[in-house]
Amino acid sequence: MSPLTKLYGERTEEEKYEYFMERIEAGEKIEADDWMPDEYRMALIKLISMHAISEIMGALPEKEWVPKAPTIHRKLGIMAKVQDEMGHGQLLLRVAEDLMKPYGKTRENIMEDLFSGKLKFHNVFHMEAPTWADAGIIAWLVDGAAIITQTNMLNASYGPYSRALHRICAEEVFHAQHGESIVLALAEGSKQQREMLQDALIRWWPSLLMFFGPKSAATTGSSKQDITIKYKIRTKTNEELRQDFLTKYVPRIRSLGLTIPDETLRYDEENKKWIYKEPDWNEFKKIIKNQGPKSMERLTLRRIAYDNNRWVREALQ
Amino acid sequence: MTSVKNALEARQNKEYVSALTELLFQLADDDFILAFRGSEWLGLAPHIEEDVAFSSITQNMMGHAFMYYQLLEQLGEGTVDELAHERSGKKRKNAIMLEKVNGLGTYLQSPKFDWAFTVVRHYFYDVNKKIKLDCLQDCSYEPLKHAAINIRKEQYYHLVHWETWFKQLVKAGGEAKTRMMVAVEKVWNEFDDVLSLGPRGEVMANYQLIDREDVIRQTFMNTIGDVFENLELGPLPKLKEMKKSGRIGEHTEDLEKALATLTEVYKKEPSSSW
Ligand SMILES: [Fe+2]
Ligand SMILES: [Fe+2]
Numbered sequence: 001m002s003p004l005t006k007l008y009g010e011r012t013e014e015e016k017y018e019y020f021m022e023r024i025e026a027g028e029k030i031e032a033d034d035w036m037p038d039e040y041r042m043a044l045i046k047l048i049s050m051h052a053i054s055e056i057m058g059a060l061p062e063k064e065w066v067p068k069a070p071t072i073h074r075k076l077g078i079m080a081k082v083q084d085e086m087g088h089g090q091l092l093l094r095v096a097e098d099l100m101k102p103y104g105k106t107r108e109n110i111m112e113d114l115f116s117g118k119l120k121f122h123n124v125f126h127m128e129a130p131t132w133a134d135a136g137i138i139a140w141l142v143d144g145a146a147i148i149t150q151t152n153m154l155n156a157s158y159g160p161y162s163r164a165l166h167r168i169c170a171e172e173v174f175h176a177q178h179g180e181s182i183v184l185a186l187a188e189g190s191k192q193q194r195e196m197l198q199d200a201l202i203r204w205w206p207s208l209l210m211f212f213g214p215k216s217a218a219t220t221g222s223s224k225q226d227i228t229i230k231y232k233i234r235t236k237t238n239e240e241l242r243q244d245f246l247t248k249y250v251p252r253i254r255s256l257g258l259t260i261p262d263e264t265l266r267y268d269e270e271n272k273k274w275i276y277k278e279p280d281w282n283e284f285k286k287i288i289k290n291q292g293p294k295s296m297e298r299l300t301l302r303r304i305a306y307d308n309n310r311w312v313r314e315a316l317q
Numbered sequence: 001m002t003s004v005k006n007a008l009e010a011r012q013n014k015e016y017v018s019a020l021t022e023l024l025f026q027l028a029d030d031d032f033i034l035a036f037r038g039s040e041w042l043g044l045a046p047h048i049e050e051d052v053a054f055s056s057i058t059q060n061m062m063g064h065a066f067m068y069y070q071l072l073e074q075l076g077e078g079t080v081d082e083l084a085h086e087r088s089g090k091k092r093k094n095a096i097m098l099e100k101v102n103g104l105g106t107y108l109q110s111p112k113f114d115w116a117f118t119v120v121r122h123y124f125y126d127v128n129k130k131i132k133l134d135c136l137q138d139c140s141y142e143p144l145k146h147a148a149i150n151i152r153k154e155q156y157y158h159l160v161h162w163e164t165w166f167k168q169l170v171k172a173g174g175e176a177k178t179r180m181m182v183a184v185e186k187v188w189n190e191f192d193d194v195l196s197l198g199p200r201g202e203v204m205a206n207y208q209l210i211d212r213e214d215v216i217r218q219t220f221m222n223t224i225g226d227v228f229e230n231l232e233l234g235p236l237p238k239l240k241e242m243k244k245s246g247r248i249g250e251h252t253e254d255l256e257k258a259l260a261t262l263t264e265v266y267k268k269e270p271s272s273s274w
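From first to last, the protein sequence lines stand for chains C and Z. Mapping of the first sequence onto the working numbering: position 29 corresponds to residue 29, and the numbering continues sequentially without gaps. Mapping of the second sequence onto the working numbering: position 193 corresponds to residue 193, and the numbering continues sequentially without gaps.
Read the hints as simulated data drawn from the structure, not as lab findings. Where is the CB? At the ideal position from N, CA and C, for every residue including glycine. Errors might be hidden in some of the hints.
Using 25 Å as the maximum straight-line C-alpha spacing, the simulated SDA-like pairs for lysine to any residue come out as follows [to be verified]:
1. Z:K267 with C:M196
2. Z:K112 with C:D307
3. Z:K267 with C:K289
4. C:K120 with Z:E50
5. Z:K268 with C:T71
6. Z:K268 with C:N309
7. Z:K268 with C:Q198
8. C:K101 with C:A32
9. Z:K100 with C:K215
10. Z:K100 with C:H73
11. C:K215 with C:K272
12. Z:K112 with C:S116
13. Z:K186 with C:L316
14. Z:K267 with C:R194
15. C:K191 with Z:H85
16. Z:K268 with C:E180
17. C:K294 with Z:G103
18. Z:K257 with C:H73
19. C:K232 with C:E128
20. Z:K112 with C:K105
21. C:K120 with C:K289
22. Z:K257 with C:N308
23. Z:K177 with C:N309
24. C:K46 with C:Y19
25. C:K191 with Z:S271
26. C:K120 with Z:P111
27. Z:K171 with C:D307
28. Z:K177 with C:D307
29. C:K105 with Z:S271
30. Z:K167 with C:L316
31. Z:K257 with Z:L108
Covered stretches of chain C (in silico footprint by chain Z; criterion: 3 or more residues with CB under 8 Å from a CB of chain Z, positions within the stretch not fixed) [what the hints assert, rightly or not]:
32. 47 to 60
33. 67 to 73
34. 77 to 90
35. 206 to 213
36. 305 to 316
Looking at chain Z on its own, in the form it has when it is part of the complex (with noise of 0.2 Å):
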């Protein structure tokens, strides 16, 4: 497959371009709704350093956002505050497990936020986030591949940060590692559908867009596989199946939830500037 160079050429195949879109969608829509549930955070962390950090990550991460639906917006499908606040839940791409709420209470009222499970969730979904960002270096379509180069210099200390996190929290033992286990298993049973490339992978790949599915898969069992053997956590579980695929536009409760908060002052004026 020759490289596409933007996306006036992208278009002239429709297949093609609807397989880079239905990917771009996953990409953006992963990478927004886990911002915003890290922008819930802010202030709340568990102390002002990890604030500092955690809060110059979700920017990162919204950025992250931000290019790939400034790749959608040069598609056609809208402008990026468009396809960022209009869109309903039945259009998300995004997988499940990064619209679950952090924890209980808002994050206006009683958050009782759950850090184990937010340093789970956040290192499992970078481990993947950066598999993928490794396949794009070679993407057929070349301003997705530029994007990802970028963005794959950012995520780099994302991936560091939550690592350390997650080891010193499990190794710490006591009620520590009793909670990290318990994060474990939350964000693992409902974590394949973060590893779905949806039902148009196949074409994805075809296309040279992003590698097969079951190859990032593969590698990210690995390289967890690998993290859980150095921690002495035992042999990796199998993943669920699930019920619903976030890929397909299946969500719950929680998104919409989110979805009305985040775009509350949006849709007050929607055509207006702000």
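Okay, chain C solo, but in the shape it has when bound (with noise of 0.2 Å):
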């Protein structure tokens, strides 16, 4: 009797995974209450947790800028992008949550392991973001950038994740064309509105090519990329991601007079990639580890926030 004939429940864990490698390799999803090897349910569990914390601790940065736009319609747009990332937090938090069931995990468990360094949030959300143009740039181009991977991973294997991503990345062109205008407005604005423009460029250059992570394990010790392209969540690697927003961006942002800070970066025709000045990965480590610029003020910020409306919380119980 081939297994798959087999009734579910008197099939080894073994038979299981064949099956369900099966459904994978066919394209098909995977539902919350199906059955899933442990390496699959872990891995989706880190990488959603990890992209709903960093939607919330994402809004932090540009939060900062959110009461002091500059006009009231930049206000409005800054606030409901911000309303927006919240928004995906909450929406991936609950399809985190639905994962970490069979452990008797929750909400409370994911915030606890911010607080507690164990769970990452997002290169890019440790860094400064000290102008309104920063405010721009991160739109504009860290949107942009959160477009390409996740774009990479709509299809992914897991149905309830591939579903908020389809949602999210509706939203995020939204966000990309909102930084796009603010970015507009400061290129075609005064000496000090372009200054401050380029200024901020130069300080997310960096972030941004680390964004998309390491090439392979070899550069910063770890990668998850070859288990989640194993089981289907996502299909490009972090360098195929690189190099594509560097295609979409580079033309963009050469094309509004900005110099971007590396001398080296060139397209390379013959084999078609680009050639760029690696970003110091030692950082990138040191900011996963909470040790970057702004780490540790903007944990303390969500920690004093949550604990200074524990009370609330509680009352609603």
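With the hints as a guide, bring the two chains together.
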């Protein structure tokens, strides 16, 4: 009798795994209540809770500019954008919570893991955003980079994540447009405004390259890209995504008259790929260990808000 | 009083236009400054669902301020962003209670904001805002009447939102109720000028721009009185008289700091486009 015609309950773990992989290979979607190998579940929990918490922590650098945005229109625009990011966090936390159920864990555990440093948030959100132009660069290029990585996972084998990403990506497009509009106004503005913009680009460039993660585990000692590709959660490698980003944005950035802070940056026609100066991966390792310029400050801010409102959450229970 | 169709018509009567602008500044500045306080909460609310909901309320409120400033712009008072970002504290007509900080710290540093205070302030404010919007449905100035019709549709949900929070936290008892009662007292002590229409209130009423202040006050006291009774909070205390009034441009240090923050980028180059 072939394993597939056996009653599901009678299957051995290996047979279940085999069937699971067949479904993955066939492009089927795995749902929350389906059997899945621990490795898959763990990889998803890690990926999705990190994504969720990055949306929430990612709101913080821009949030600094919400009350200060220069016009009422900009105030409304950036507020709506940050609100979306919180909404993404909320949506993803629910997906992660479903996956964590068998382990008896909840959202509270995710927050605790964030505060203890066990759960990482995305490297870009550890950086400073000292001017209004940073808010523009973040929305334009960080969200632009996010669109590229998230589009890569739109067809993720895990159904609930794939569906959440469809919603998220649709909104990210508006974020990038909102960012582009801020950037354009500055690029076409006064000398002071253009300088502010150029400085912000210089500040963000290395982080944008790091955004996609190291080329391989050899660079930084760890990379989860292999597992996520094996289980068809994503398709392209970190480096392929970075190349896509450069292809899409380098010409746009240059057309605004901005200078990218990398003299070696060029497109190699022969090998059809971008040559660029590697960002400092040691810095990256530090950043993801919460030793980036703003890591502690932002974590503290979140923790204060969390502790400060504990009485409210308790009253609601 | 026959209705006044547009800015051009309004400007034919000096007294009318001055009462109208006065009212519009109060409405706009109230929504604007409280929306600013709301925007400081972004990312710091008790839970993520509330962050999303509160932010959409804040955007609506700032949108309402925008509409009122637009009416002022049509009356020749300056552009929307000049009105929102260039007027000094002395020119602002918002009630003092609405400019008060959210709590200890700032939104950037050690924000120990007071959720109970925020719920009470927003709830009481929205009860009164609804009463005013109801009056404005009969406003003699047509553009304001139309704006008020649109604003009232959105504002309904704000009122429900804050009412739900208010009742829930009071009914929760324990620490939550204690904190809520402290907040009620704090808000109540300085709520008088939220209910005030300022020295030109009577002229506004005479021109049928809005109801008389005493009528609005009475409706407000009745509404809140019922809420107190239902929640068994005892009789409504008398409102305290205030030493200062935002309606005549008297404000606190809190407003000055708020203005410095919200105009920080704009003031770098007021003439530039951002
Ligand atoms: Fe997002
Ligand atoms: Fe985004």
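Each hint tested on the structure:
no. : hint               : result
1   : Z:K267 with C:M196 : holds, 15 Å
2   : Z:K112 with C:D307 : holds, 9 Å
3   : Z:K267 with C:K289 : violated, 38 Å
4   : C:K120 with Z:E50  : holds, 24 Å
5   : Z:K268 with C:T71  : holds, 12 Å
6   : Z:K268 with C:N309 : violated, 35 Å
7   : Z:K268 with C:Q198 : holds, 17 Å
8   : C:K101 with C:A32  : holds, 10 Å
9   : Z:K100 with C:K215 : violated, 51 Å
10  : Z:K100 with C:H73  : holds, 24 Å
11  : C:K215 with C:K272 : holds, 17 Å
12  : Z:K112 with C:S116 : holds, 21 Å
13  : Z:K186 with C:L316 : holds, 23 Å
14  : Z:K267 with C:R194 : holds, 16 Å
15  : C:K191 with Z:H85  : holds, 22 Å
16  : Z:K268 with C:E180 : holds, 21 Å
17  : C:K294 with Z:G103 : holds, 24 Å
18  : Z:K257 with C:H73  : holds, 21 Å
19  : C:K232 with C:E128 : violated, 34 Å
20  : Z:K112 with C:K105 : violated, 28 Å
21  : C:K120 with C:K289 : holds, 7 Å
22  : Z:K257 with C:N308 : holds, 23 Å
23  : Z:K177 with C:N309 : holds, 14 Å
24  : C:K46 with C:Y19   : holds, 24 Å
25  : C:K191 with Z:S271 : holds, 13 Å
26  : C:K120 with Z:P111 : holds, 23 Å
27  : Z:K171 with C:D307 : holds, 22 Å
28  : Z:K177 with C:D307 : holds, 18 Å
29  : C:K105 with Z:S271 : violated, 54 Å
30  : Z:K167 with C:L316 : holds, 11 Å
31  : Z:K257 with Z:L108 : holds, 13 Å
32  : 47 to 60           : holds (count 3)
33  : 67 to 73           : holds (count 6)
34  : 77 to 90           : holds (count 8)
35  : 206 to 213         : violated (count 0)
36  : 305 to 316         : holds (count 9)
The structure fails hints 3, 6, 9, 19, 20, 29 and 35 (numbered hints given earlier, in ascending order).
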